[in-house]
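Chains as they are written, first to last, in the numbering used here: chain A, 13 to 262; chain B, 4 to 299.
Calculated directly from the structure, the hints in this document are not laboratory data. Heads up, a few of these hints could be off.
Said to hold, decoys possible - Some chain A residues near chain B, calculated using beta-carbon distances under 7 Å:
| # | residue |
| --- | --- |
| 1 | Ser87 |
| 2 | Asp166 |
| 3 | Ala169 |
As the list claims (entries may be wrong) - Which chain B residues stay away from chain A? Per the calculated CB distances, all over 10 Å, these:
| # | residue |
| --- | --- |
| 4 | Val65 |
| 5 | Gly66 |
| 6 | Ala87 |
| 7 | Thr92 |
| 8 | Thr209 |
| 9 | Ile247 |
| 10 | Val250 |
Claimed, not checked - Per the computed footprint, the stretches of chain B lying under chain A, defined by three or more beta-carbons under 8 Å from a beta-carbon of chain A, are:
| # | stretch |
| --- | --- |
| 11 | 42-55 |
| 12 | 75-84 |
Owing to the predicted nature of the structure, the values given are computational and were not obtained by experimental measurement. Built from N, CA and C at the ideal position, the CB exists for glycine as well.
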Amino acid sequence: MKALTGGLLLLVLAFLTVPLFGLATGGDWLHATISADDLRAVVTSLTGGGVALVLIFCAGTPLAFYLARKRGRLSALAEALVLIPMLMPTLAIGILLAAFYGPAAPVGAALARIGVVLTNSPAAFVLAAVYAALPTYVIAARAALREVPPELEDVAATLGESGLNLFFRVSLPLAQRGVAAALALAWVRAMGEFGIVLIIAYFPQGMPVRLWVDVQELGVPAVFPLLAVFLAAALPLPLWLGLRGRRAAL
Amino acid sequence: MVEVDYRLTAPIALDVQFEVRGFTALLGFSGSGKSSLLKALAGLLPAAGSPWAGLPAQQRPVGYMPQGSALFPHLSVLENVAFALRGKTRLGAARKLLDDLGIGQLAARNAARISGGEAQRVALARALARGPELLLLDEPSAALDAATRDAVLAQLIESIEARGIPALAATHDPAMAMLADWLVLLAEGRIIQQGTPRALFDGPATVTAAKLLGYQNFWPEGGQTCCIRAEDIEIDGGGIEAVIAGVREQGADLRLRCVAQAPVTVLIKGGEKAAFAVGQKIRLRFPEDKIRLVGD
């Protein structure tokens, strides 16, 4: 029985990791290169993703804290509103965003008049990343903040601390591993986002769209250098934070 | 001395008036609202009354020590104590507090990695740092090892009294209440009795007060209720006849469950289990001077 479950375990793990072997065997590493467009895509993804992550932390953390501390109809409604974009297919979000922020829509047109163009612009790329990753961050950070014992916040209040100071001195440090893991998850979502950007931020091209274009034009073997950069940007940080969080839990 | 007059509506309805004199124990059953009252005094629950009602927790001159000490586990012991302090001298002041309480050697330790008794002294140092006018302690004996509990508590009370700061300690433990200077009994949303522990243990006013103070035997007599402690009943001849229904060792003592006209619990100091058996008939004597008359 033990051998059977052990074998099954190995099989599942192997199934999950075999695609990585494609990195060594599937690419045309000798002839493939990274083009200037590819490099621009890397820069777009990293800077756009970085800006989005800062916005996600600033906007999502208070919401996550509210959801972690309040239990009522209003917070249940707020949670449902966070879950809706998370559960929606990203392509659908992209189309809805185009209909709302696009140049033909009232909001999009009004923003364009003050110089904020939210289709096919760096701002649109950030917008897409935020829509893709904010709900994931809020739900994960809420779980981390809920683990902070409320009596520690109570004690901090009786010791004269309140508001933002209390949050940054007590709540956030105590939830830091979970919040970091939530940021890592958000980073993965932002880096990998394809459906939304395809509709509202095809340009400037980030790594996923660039990979898609390269595959269409050059074939699968030619895109491996960019694919490797893509994986290197998206994977190590979350993997490290995930393992670190697991060690702390053990 | 601090005079408290507080009214709460949620999470439990309380309307209480009492005094805090020296180290005061607030004795009540679980769920009677002791913790809620402490939180209200600390400004963590809404309440009406005096003192300080309406002030936010941050502005109250109160040191609050919740159950289990609640040290910040991400900070060192020294940083915990310095939490409420500001300016360049904060760490020095915190170190002095630790030294004064005899725990200076803990300063660099991680607050999550010290014993329950040590954590409690650190929590006291942290609460003292703001110079409170009243200390609030929620079940201070709860997180302590049974073996060192009494010594640690006695030391804690001594440290508090040495500073002359009034303290209110919520507890459900009559043994802890006996260590206090002043005792306040909370039941049914109000204060049912207050006084020195000796006066209260000797003269509970009601059945509920007597139960809170550890009286176990009650019986009606002439329209009133009498009560006596299990350890005050004598079995050396005379008295009423009873049948033993249960025998149980309790540390070095022996607890007998007996049936007379009513169930009676007897505690025999240093009693030998072999001398008693279930079904055996014995005679129980209730010394007149140990029987208390209480109201309903």
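Nearest-CB test (10 Å) between chain A and B:Ala87: Its Cβ does come within 10 Å of chain A, the nearest being 4 Å, so this is violated.
Cut-off 7 Å, beta-carbon criterion: hint that A:Asp166 touches chain B: This hint holds: A:Asp166 lies near chain B, its Cβ roughly 5 Å from the closest one there, short of 7 Å.
Claimed coverage, the stretch 75-84 of chain B by chain A - three or more beta carbons nearer than 8 Å: That given contact holds, which follows from 3 residues of the stretch 75-84 of chain B lying within Cβ reach (below 8 Å) of chain A.
No chain A beta carbon within 10 Å of B:Val65's: violated (6 Å)
Restraint satisfaction for A:Ala169 [CB to CB of chain B, less than 7 Å]: holds (4 Å)
Interface exclusion of B:Ile247 relative to chain A, criterion Cβ beyond 10 Å: holds (46 Å)
Outside-interface status for B:Thr92 - nearest CB in chain A farther than 10 Å: Correct as stated: the minimum Cβ-Cβ distance to chain A is 16 Å, above 10 Å.
Interface hint for A:Ser87, Cβ within 7 Å of any Cβ on chain B: Not OK, violated: A:Ser87 not within 7 Å of chain B, min 18 Å.
Coverage of the stretch 42-55 of chain B by chain A, judged on three or more residues with CB within 8 Å: Holds: 4 residues of the stretch 42-55 of chain B have a Cβ under 8 Å from chain A.
10 Å Cβ clearance of B:Gly66 from chain A: Not fine: 7 Å to the nearest Cβ puts B:Gly66 too close to chain A.
Exclusion check [B:Thr209 not at the chain A interface, CB over 10 Å]: holds (33 Å)
Distance rule for B:Val250, whose beta carbon must clear each one in chain A by more than 10 Å: holds (42 Å)
In summary, the numbered hints that this structure violates are 1, 4, 5 and 6.
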